[in-house]
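Undergrad: Sequences listed follow chains A and B, in order. Just so you know, we're using the numbering used here here: the first sequence kicks off at 1 and counts up by one. Just so you know, we're using the numbering used here here: the second sequence kicks off at 1 and counts up by one.
These are computed hints drawn from the structure, not numbers from a lab. Treat the hints with care, as some may be off.
Because identical chains cannot be distinguished in the list, a pair is counted as satisfied if it fits within a single copy or across any two copies.
To be verified - Taking lysine-lysine pairs in the DSSO-like style, the calculated list, with each CA pair at most 30 Å apart, reads:
hint	residue 1	residue 2
1	Lys98	Lys234
2	Lys180	Lys86
3	Lys175	Lys86
4	Lys234	Lys27
5	Lys225	Lys133
6	Lys155	Lys140
7	Lys140	Lys242
8	Lys27	Lys86
9	Lys59	Lys161
10	Lys68	Lys98
11	Lys133	Lys161
12	Lys14	Lys144
13	Lys175	Lys76
14	Lys76	Lys155
15	Lys133	Lys86
16	Lys59	Lys190
17	Lys180	Lys68
18	Lys140	Lys229
19	Lys229	Lys207
Remember, it's a predicted structure, so these values are computed and weren't measured experimentally.
Protein chains: 2
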Amino acid sequence: MQATLEQAQSIADKIEARAYDGISTKKILQMIFLYMKKYRPAIGYQIDLRQAIAMLRSKPDFEIFVAKLFEALGYKVETNLIIQGKCVEHEIDVVARKDSEIILVEVKHHVNHHTYSGLDVFLQLNSTLEDLKEGYESGKNNFKFTKAILICNTKVSEHAKRYALCKGLEFIAWKFPPEKGLERIIEEYKLYPITFLRGIEREEVYKLADAGIVTIKQLLDDIEKISRKTGMNKSRVLELQKAAKIVLGIRI
Amino acid sequence: MQATLEQAQSIADKIEARAYDGISTKKILQMIFLYMKKYRPAIGYQIDLRQAIAMLRSKPDFEIFVAKLFEALGYKVETNLIIQGKCVEHEIDVVARKDSEIILVEVKHHVNHHTYSGLDVFLQLNSTLEDLKEGYESGKNNFKFTKAILICNTKVSEHAKRYALCKGLEFIAWKFPPEKGLERIIEEYKLYPITFLRGIEREEVYKLADAGIVTIKQLLDDIEKISRKTGMNKSRVLELQKAAKIVLGIRI
Numbered sequence: 001m002q003a004t005l006e007q008a009q010s011i012a013d014k015i016e017a018r019a020y021d022g023i024s025t026k027k028i029l030q031m032i033f034l035y036m037k038k039y040r041p042a043i044g045y046q047i048d049l050r051q052a053i054a055m056l057r058s059k060p061d062f063e064i065f066v067a068k069l070f071e072a073l074g075y076k077v078e079t080n081l082i083i084q085g086k087c088v089e090h091e092i093d094v095v096a097r098k099d100s101e102i103i104l105v106e107v108k109h110h111v112n113h114h115t116y117s118g119l120d121v122f123l124q125l126n127s128t129l130e131d132l133k134e135g136y137e138s139g140k141n142n143f144k145f146t147k148a149i150l151i152c153n154t155k156v157s158e159h160a161k162r163y164a165l166c167k168g169l170e171f172i173a174w175k176f177p178p179e180k181g182l183e184r185i186i187e188e189y190k191l192y193p194i195t196f197l198r199g200i201e202r203e204e205v206y207k208l209a210d211a212g213i214v215t216i217k218q219l220l221d222d223i224e225k226i227s228r229k230t231g232m233n234k235s236r237v238l239e240l241q242k243a244a245k246i247v248l249g250i251r252i
Numbered sequence: 001m002q003a004t005l006e007q008a009q010s011i012a013d014k015i016e017a018r019a020y021d022g023i024s025t026k027k028i029l030q031m032i033f034l035y036m037k038k039y040r041p042a043i044g045y046q047i048d049l050r051q052a053i054a055m056l057r058s059k060p061d062f063e064i065f066v067a068k069l070f071e072a073l074g075y076k077v078e079t080n081l082i083i084q085g086k087c088v089e090h091e092i093d094v095v096a097r098k099d100s101e102i103i104l105v106e107v108k109h110h111v112n113h114h115t116y117s118g119l120d121v122f123l124q125l126n127s128t129l130e131d132l133k134e135g136y137e138s139g140k141n142n143f144k145f146t147k148a149i150l151i152c153n154t155k156v157s158e159h160a161k162r163y164a165l166c167k168g169l170e171f172i173a174w175k176f177p178p179e180k181g182l183e184r185i186i187e188e189y190k191l192y193p194i195t196f197l198r199g200i201e202r203e204e205v206y207k208l209a210d211a212g213i214v215t216i217k218q219l220l221d222d223i224e225k226i227s228r229k230t231g232m233n234k235s236r237v238l239e240l241q242k243a244a245k246i247v248l249g250i251r252i
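Excised from the complex, chain A in its bound form (with noise of 0.2 Å):
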């Protein structure tokens, strides 16, 4: 939801006004929305981005979500491979290139948002990628990965924090790193998932992301081919596509 630092200021005295002793954080939220509509019409064909994530399914919608997060960060992604390490073959859900870097990205969606990735992510983490990397060295597989990246949906526990900043694993989550957290990146990328969309049926994201369309940005192509590929009806896929291009600030 971005706004100017005017705008902000203009809701937050509205709300002050407003608000009484106990109020709950919903209605709080309830209110920002409806000032906000006010001055970015986009608001009223979006929902709360963190809640439209998990909204996602863990798999595929998200792990197509965090695939096209790379191909928008400049990477060569794979998604869905078998990887064979030096003791056993591992189930690899991104792999992304550029240049010289090989990451291996594992992906960790929680349904309910408020939930920590905990240390027993990256403790797995750890031993896959040694797994990996051994695997390489004696020819047991091709990827010579440089290193490894959690992305999630969630928060990171400060004790799975330590432990991965210690040995080097990196990882994209809400609001961490602080500058760069997951919701920054969907932000400066436009990368909304579709169901960001206000009003989006779940069947209708499913029969999306089925084919591959999990960023309202993919809402943009063809609607006919959109229409083929989902079975869905064209009228329904423009009416989608309208409100794409008003939350992305396209002219329509």
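Model the placement of chain B on the given structure of chain A, informed by the hints.
TA: Relative to the frame of chain A, chain B by itself:
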């Protein structure tokens, strides 16, 4: 359910004579139980061992149970430790020592005993052991671990087994290793869990386990003392002690 070969043959003959097409496994087990009771009266006082172990709570019951198991094997045990690794502190279920051996014991208990312990458990254990070893080398802890063992009440997936064997991580699971699985150790040392007693109430299990009593051998202790530690009345403790003696084959 130990039986002589002759007894087993006799029971098999009887069941064969009464079995019919489409008979359920449950029905067959019931029949085995019925006939076994004739040969070994203790059977009347006990339930299926695998089910009994699943009925323990994961914490603290099964953890205490595993500690008792290592004690029976001649180890000195410490439970529920927080040990500092090179990167972070780790919660360790059991540490078992004998001579120069110091074992990191990871305990996994599934209420559903049909679940498999998978690769993730061993990936975590590998990283935990690594961090603790590096912690010891850098003077952050005093535990010079010589190996790690997973103890679980279920089977282990083939994928996980291959990784564990390759990394030198040991495990004792249901019927694994074939000659020394969890069920064999329990039978050999008569380390039956209190839930093995037919008719013991869930509430009673909790009271006993909260007082550190998780094996029926521990029920042979002084009745007064057990009653005081658990808040259960003496007559009920006496009943359980009698049943325990029958199962353990002790003359009463």
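Undergrad: If a hint holds in the structure, say so; if it does not, say that too.
TA: For each hint, the structure was consulted:
1. Lys98 with Lys234: Answer is neither; intra-copy 37 Å and inter-copy 73 Å both fail.
2. Lys180 with Lys86: between (34 Å within a copy, 28 Å between copies)
3. Lys175 with Lys86: Intra 35 Å, inter 27 Å, cutoff 30 Å: inter-copy only.
4. Lys234 with Lys27: Neither, since 37 Å and 58 Å both go past 30 Å.
5. Lys225 with Lys133: Neither way: Lys225 and Lys133 sit 41 Å apart in one copy and 57 Å across, limit 30 Å.
6. Lys155 with Lys140: between (35 Å within a copy, 28 Å between copies)
7. Lys140 with Lys242: Classified as neither: same-chain Cα gap 49 Å, cross-chain 60 Å, threshold 30 Å.
8. Lys27 with Lys86: Intra 54 Å, inter 46 Å, cutoff 30 Å: neither.
9. Lys59 with Lys161: both (25 Å within a copy, 26 Å between copies)
10. Lys68 with Lys98: within (14 Å within a copy, 54 Å between copies)
11. Lys133 with Lys161: Cα proximity of Lys133 and Lys161: in one copy and across copies (23 Å, 20 Å).
12. Lys14 with Lys144: This pair counts as neither: shortest intra-copy Cα distance 56 Å, inter-copy 63 Å.
13. Lys175 with Lys76: within (25 Å within a copy, 46 Å between copies)
14. Lys76 with Lys155: Within. Shortest intra-copy distance 26 Å satisfies the 30 Å Cα cut-off; inter-copy 40 Å does not.
15. Lys133 with Lys86: both (8 Å within a copy, 21 Å between copies)
16. Lys59 with Lys190: Classified as within; 22 Å inside a copy, 46 Å across copies.
17. Lys180 with Lys68: Within one copy only: 16 Å inside a chain, 50 Å across chains, cut-off 30 Å.
18. Lys140 with Lys229: Answer is neither: 37 Å inside a copy and 58 Å across each miss the 30 Å cutoff.
19. Lys229 with Lys207: Within one copy only: 9 Å inside, 60 Å across.
Violated hints for the displayed structure, listed by number in ascending order: 1, 4, 5, 7, 8, 12, 18.
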